[in-house]
Amino acid sequence: MSEFRMPSLGADMEAGTVVEWRVHPGDRVKRGDIVALVETEKGLIEIEIFQDGEIESLVMPEGEKVAVGTVLAMISGEAAPPPAAKVEPAPKVAPKAPPVPHRTESTGRARVSPLARKRAQELGVDLARVVGSGEGGAIAAADVERAAGQAPPTAPAPAVGPPPGTATDRQAAMRKAIAAAMARSKREIPHYYLGTHVDMSKAMAWLTAENLRRPVTERLLYSALAIKAVALAVHEVPETNGFWVDGAFQPGAGVHVGVAISLRQGGLVAPAIHDVDEMPLNDLMRSMLALVQRARSGVLRSSEVSDATITVTNLGERGVETVFGIIYPPQVALVGFGTLVEQPWAADGMIGTRPVIAASLSGDHRASDGHRGARFLAAIDRLLQEPEKL
Amino acid sequence: MTRDEIRDVVRRTLSAIAPEADLGTLDPKGELRDQLDIDSVDFMNFVVALHQELGVDVPEADYPKLSSLDGCVAYLAAKVCAS
Chain A
1 MSEFRMPSLG ADMEAGTVVE WRVHPGDRVK RGDIVALVET EKGLIEIEIF QDGEIESLVM
61 PEGEKVAVGT VLAMISGEAA PPPAAKVEPA PKVAPKAPPV PHRTESTGRA RVSPLARKRA
121 QELGVDLARV VGSGEGGAIA AADVERAAGQ APPTAPAPAV GPPPGTATDR QAAMRKAIAA
181 AMARSKREIP HYYLGTHVDM SKAMAWLTAE NLRRPVTERL LYSALAIKAV ALAVHEVPET
241 NGFWVDGAFQ PGAGVHVGVA ISLRQGGLVA PAIHDVDEMP LNDLMRSMLA LVQRARSGVL
301 RSSEVSDATI TVTNLGERGV ETVFGIIYPP QVALVGFGTL VEQPWAADGM IGTRPVIAAS
361 LSGDHRASDG HRGARFLAAI DRLLQEPEKL
Chain B
1 MTRDEIRDVV RRTLSAIAPE ADLGTLDPKG ELRDQLDIDS VDFMNFVVAL HQELGVDVPE
61 ADYPKLSSLD GCVAYLAAKV CAS
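Residue numbers (my numbering), protein chains in the order written: chain A, 1 to 390; chain B, 1 to 83.
It is possible that part of the hints are untrue.
[What the hints assert, rightly or not] In silico SDA-like cross-links for lysine to any residue, where the CA-CA straight-line distance does not exceed 25 Å: (1) B:Lys65 <-> A:Gly319; (2) B:Lys79 <-> A:Gly319; (3) A:Lys30 <-> A:Val19; (4) B:Lys65 <-> A:Val19; (5) A:Lys202 <-> B:Pro64; (6) A:Lys389 <-> A:Glu218; (7) B:Lys65 <-> A:Ala209; (8) B:Lys65 <-> A:Lys30; (9) B:Lys79 <-> A:Leu212; (10) A:Lys202 <-> B:Pro19; (11) B:Lys65 <-> A:Thr339; (12) B:Lys79 <-> A:Arg214; (13) B:Lys79 <-> A:Thr217; (14) A:Lys389 <-> B:Ser40; (15) A:Lys176 <-> B:Ala21; (16) A:Lys176 <-> B:Pro19; (17) A:Lys389 <-> B:Lys65; (18) A:Lys202 <-> B:Ala61; (19) B:Lys65 <-> A:Glu210; (20) B:Lys79 <-> A:Lys30; (21) A:Lys202 <-> B:Glu60.
[Said to hold, decoys possible] The calculated label-pair distances, taken between Cβ atoms and stated as ranges, are: (22) A:Glu236 <-> B:Gly24: 27 to 33 Å; (23) B:Gly24 <-> A:Arg184: 15 to 21 Å; (24) A:Ala346 <-> B:Tyr63: 29 to 35 Å.
Hints listed in this document are in silico derivations from the structure and should not be mistaken for laboratory results. Computed from a predicted structure; not experimentally measured. Beta carbons are placed, not taken as given, at the ideal position from N, Cα and C, and that holds for glycine.
Just chain A, with the same shape it has in the complex (with noise of 0.2 Å):
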């Protein structure tokens, strides 16, 4: 038996409202099963599970908003949570998503999750006392409340506030939150900013040549090209891909790249594509557009909102030439692409007119630094240039 718990859908999110169960005691599910629909602030996201097993009982009605870690489900299953889970009240939901967002520091101190960490802020605890009760002395938020002299919730969780209601409610949570994430990028991370043009001849030749033989449902956008560049980049300058967590980078297991999507009504999401290193640009843009249609209509999925280990931006749909991005944390970078125009370019002692499109790249100066970053760029740049093996 074990504790299905509201996820932590970022580093931003507080609380959740389980709006559906889409599963009923005496289910089957299987990992990747989307068992709920949670409100949070940044809209309607499926809850997937991430273990095998059988619902047990449903422990929270649906309309209850409750904080990130709150008890939602039992599950019954041959198949154990991972680990995280049983030291971690904010499970992994992602069966991509790194096992635990935190590493044991090399002071010796013991590994403390985020949410323990919230918890020890918000109860004042020091946490050089708390004893750890989990994997290798691990901190959990429980050992925080512990330590406070308060029991850990085993009951549903007090409700934190009303569930948002309206349209209009939903965007001022989603602007609230977009504003505590950034707010928190630019007061911890220590940002620097390199650009680059970058000649877009080949990729758009190849492009226009590639879709004029493609049916309609199988073309291709520019941006695939430039999302699988910034992927395949990754392997190059690994120190751009992953988390900034407890004072040290954590590698992201595996490239996911959050794709900034601006919401009309207000807002922007930037959920996950998975695996994109290693995926054909078929997929990547059939992908690409079902998450922003996901994205459009308001409901996304857990694994895409959760686990994103860096995040492109491209801002040149309305003709801003240059982007200077912020890093959503606790990502460590963010590249950011302009909008392609026409421009003079020297090349083998001509000028002339190309394509051209600014890439800049907003990186975590304590995970990386201009040098390398300069080297991811130009990665970008090269691989642009050969566009048929993307």
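Put chain B on the given structure of chain A with help from the hints.
Relative to chain A, chain B alone:
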């Protein structure tokens, strides 16, 4: 298929890619891209959906002809009749 039926398909397709938009206020001659704030991925979804609904394969070179609601209807009506 009548032009009105095609117009209905186009409107239904648009409301799928831009669910938050109020199509009632759409200027049929105005640019869809500007009025609905659709980007290239949305437009691709639009063209794919039109293909699925009407069986029309729009070559990339013809995308500009789909820039307004009236433009879509005129272009698609010609294509549907021709096929």
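We went through each hint and held it up to the structure:
{"no.": "1", "hint": "B:Lys65 <-> A:Gly319", "in the structure": "holds (21 Å)"}
{"no.": "2", "hint": "B:Lys79 <-> A:Gly319", "in the structure": "violated (32 Å)"}
{"no.": "3", "hint": "A:Lys30 <-> A:Val19", "in the structure": "holds (21 Å)"}
{"no.": "4", "hint": "B:Lys65 <-> A:Val19", "in the structure": "violated (42 Å)"}
{"no.": "5", "hint": "A:Lys202 <-> B:Pro64", "in the structure": "holds (23 Å)"}
{"no.": "6", "hint": "A:Lys389 <-> A:Glu218", "in the structure": "holds (17 Å)"}
{"no.": "7", "hint": "B:Lys65 <-> A:Ala209", "in the structure": "holds (20 Å)"}
{"no.": "8", "hint": "B:Lys65 <-> A:Lys30", "in the structure": "violated (47 Å)"}
{"no.": "9", "hint": "B:Lys79 <-> A:Leu212", "in the structure": "holds (18 Å)"}
{"no.": "10", "hint": "A:Lys202 <-> B:Pro19", "in the structure": "violated (36 Å)"}
{"no.": "11", "hint": "B:Lys65 <-> A:Thr339", "in the structure": "holds (22 Å)"}
{"no.": "12", "hint": "B:Lys79 <-> A:Arg214", "in the structure": "holds (19 Å)"}
{"no.": "13", "hint": "B:Lys79 <-> A:Thr217", "in the structure": "holds (17 Å)"}
{"no.": "14", "hint": "A:Lys389 <-> B:Ser40", "in the structure": "holds (23 Å)"}
{"no.": "15", "hint": "A:Lys176 <-> B:Ala21", "in the structure": "holds (23 Å)"}
{"no.": "16", "hint": "A:Lys176 <-> B:Pro19", "in the structure": "holds (23 Å)"}
{"no.": "17", "hint": "A:Lys389 <-> B:Lys65", "in the structure": "violated (32 Å)"}
{"no.": "18", "hint": "A:Lys202 <-> B:Ala61", "in the structure": "holds (19 Å)"}
{"no.": "19", "hint": "B:Lys65 <-> A:Glu210", "in the structure": "holds (21 Å)"}
{"no.": "20", "hint": "B:Lys79 <-> A:Lys30", "in the structure": "violated (46 Å)"}
{"no.": "21", "hint": "A:Lys202 <-> B:Glu60", "in the structure": "holds (18 Å)"}
{"no.": "22", "hint": "A:Glu236 <-> B:Gly24: 27 to 33 Å", "in the structure": "violated (51 Å)"}
{"no.": "23", "hint": "B:Gly24 <-> A:Arg184: 15 to 21 Å", "in the structure": "violated (41 Å)"}
{"no.": "24", "hint": "A:Ala346 <-> B:Tyr63: 29 to 35 Å", "in the structure": "holds (31 Å)"}
The structure does not agree with the numbered hints 2, 4, 8, 10, 17, 20, 22 and 23 stated previously, though it agrees with the rest.
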